[in-house]
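Work the whole structure out from these sequences, hints included.
Counting in this note's numbering, the sequence shown runs without a single skipped number right up to 319 at its last residue.
Hints were generated in silico from the structure; no laboratory data involved.
Given the structure is predicted, the values throughout are model-derived calculations rather than measurements.
We put the beta carbon where it would ideally sit given N, CA and C, even for glycine.
Every clue listed holds true.
Lysine-lysine pairs mimicking DSS-like chemistry, simulated, CA-CA at most 30 Å apart:
id: 1; residue 1: LYS240; residue 2: LYS251
id: 2; residue 1: LYS91; residue 2: LYS165
id: 3; residue 1: LYS254; residue 2: LYS71
id: 4; residue 1: LYS91; residue 2: LYS71
id: 5; residue 1: LYS88; residue 2: LYS165
id: 6; residue 1: LYS274; residue 2: LYS240
id: 7; residue 1: LYS67; residue 2: LYS86
id: 8; residue 1: LYS67; residue 2: LYS201
id: 9; residue 1: LYS251; residue 2: LYS293
id: 10; residue 1: LYS201; residue 2: LYS88
id: 11; residue 1: LYS165; residue 2: LYS86
id: 12; residue 1: LYS67; residue 2: LYS83
id: 13; residue 1: LYS165; residue 2: LYS71
id: 14; residue 1: LYS99; residue 2: LYS86
Simulated DEER-style distance windows between Cβ atoms:
id: 15; residue 1: GLY80; residue 2: GLY299; range: 44 to 54 Å
id: 16; residue 1: VAL207; residue 2: THR279; range: 15 to 25 Å
id: 17; residue 1: THR73; residue 2: THR161; range: 17 to 27 Å
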Amino acid sequence: YDQYGHAGVSGQPGFGAGGFGAGFDINDALRAFMRDFGMGGGGFEEIFGGGQRRRGRQDLYHGEDLKIRLKLTLEEIAFGTDKSIKIKRFKRCATCSGKGGSSLRRCPQCNGAGQVQQVSRSMFGQFVSVHPCGNCGGTGEVISQPCSTCSGSGRVEEQATISVKIPAGVSEGNDIPLRGEGNAGMRGGESGDLIVMIEEKPHERFVRHGGDIITEVPITFAVAALGGDIDIETLEGHVKLKIPAGTQSGKMLKLRGQGLGRLRSSGRGDLLVKISLWTPTSLTDEQRSLYEKLRHVEGEVPSKVSKSIFERLRESLGV
Numbered sequence: 001y002d003q004y005g006h007a008g009v010s011g012q013p014g015f016g017a018g019g020f021g022a023g024f025d026i027n028d029a030l031r032a033f034m035r036d037f038g039m040g041g042g043g044f045e046e047i048f049g050g051g052q053r054r055r056g057r058q059d060l061y062h063g064e065d066l067k068i069r070l071k072l073t074l075e076e077i078a079f080g081t082d083k084s085i086k087i088k089r090f091k092r093c094a095t096c097s098g099k100g101g102s103s104l105r106r107c108p109q110c111n112g113a114g115q116v117q118q119v120s121r122s123m124f125g126q127f128v129s130v131h132p133c134g135n136c137g138g139t140g141e142v143i144s145q146p147c148s149t150c151s152g153s154g155r156v157e158e159q160a161t162i163s164v165k166i167p168a169g170v171s172e173g174n175d176i177p178l179r180g181e182g183n184a185g186m187r188g189g190e191s192g193d194l195i196v197m198i199e200e201k202p203h204e205r206f207v208r209h210g211g212d213i214i215t216e217v218p219i220t221f222a223v224a225a226l227g228g229d230i231d232i233e234t235l236e237g238h239v240k241l242k243i244p245a246g247t248q249s250g251k252m253l254k255l256r257g258q259g260l261g262r263l264r265s266s267g268r269g270d271l272l273v274k275i276s277l278w279t280p281t282s283l284t285d286e287q288r289s290l291y292e293k294l295r296h297v298e299g300e301v302p303s304k305v306s307k308s309i310f311e312r313l314r315e316s317l318g319v
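Okay, structure coming up:
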């Protein structure tokens with residue numbers, strides 16, 4: 001141990017996984033031993049002084065991370081957007097510049113070391129464990145005159161408005177970290193981060209499927225049989241879609257590049273249009289007459305549904 005430290009002990013026969021089986025940690029055994037004999041729960045680092053370096057204020061008083069949920073429309077996800085969000089957080093106290101007071105003095109309990117030692121005796125001899133000083137929090141300093149504005153914490157509450165750039169193609173569950181926009185640390189510690197968690201608002205016309213979007217468009221029997229151009233809605237407005245003659249209900253047509261932007265890459269997904277046949281529920285006399293004539297001249301309905309229709313149905317359902 002004296003030559004290689006903790007890593008050297010872990011790699012020797014009789015220590016670590018090689019000596020006691022997979023998953024064994026000598027620190028766990030020492031902590032359990034120390035607890036059993038009333039000597040705290042320290043491992044190698046605390047017992048043998050491996051952690052005796054006084055921790056700085058930045059390490060001890062690092063500010064907390066904050067999380068906020070942000071709901072986006074499909075249009076905002078498709079093209080990216082800039083959003084402003086309001087949060088309540090701690091900022092650095094301007095009165096004391098985040099120090100917590102006008103003057104600092106050496107901690108009388110640890111004498112400025114930031115740590116205290118606890119000596120314990122057992123049948124195996126004497127053990128020394130090292131812990132952060134509870135009086136100064138491990139900094140080695142205490143405030144003589146606490147700031148009247150922040151009461152010595154070095155930070156105060158504020159309502160803040162934060163700008164966040166949303167890239168195109170984000171998905172529900174994606175997180176966008178904003179470094180340093182969380183809570184300010186106490187007594188001069190670094191600020192935490194603000195984590196923006198993305199949520200998607202349901203769209204009344206489109207369903208997302210990865211980078212593609214899916215919509216359903218009804219057409220008449222005449223357009224399905226004869227073909228034609230129809231007007232459909234996209235995320236950018238209305239466009240014309242050509243319906244081939246003989247189009248079956250359930251057929252999927254594709255408009256390339258009309259889907260969502262791709263995250264961390266160029267290009268866009270596609271717009272998938274599922275065709276459905278619209279059946280009128282009421283007919284004029286002229287329409288009824290024409291449908292009667294059509295019924296007498298149209299061919300027989302196929303007795304079996306083609307396999308391609310089932311395939312299209314599975315594709316549309318995602319199964």
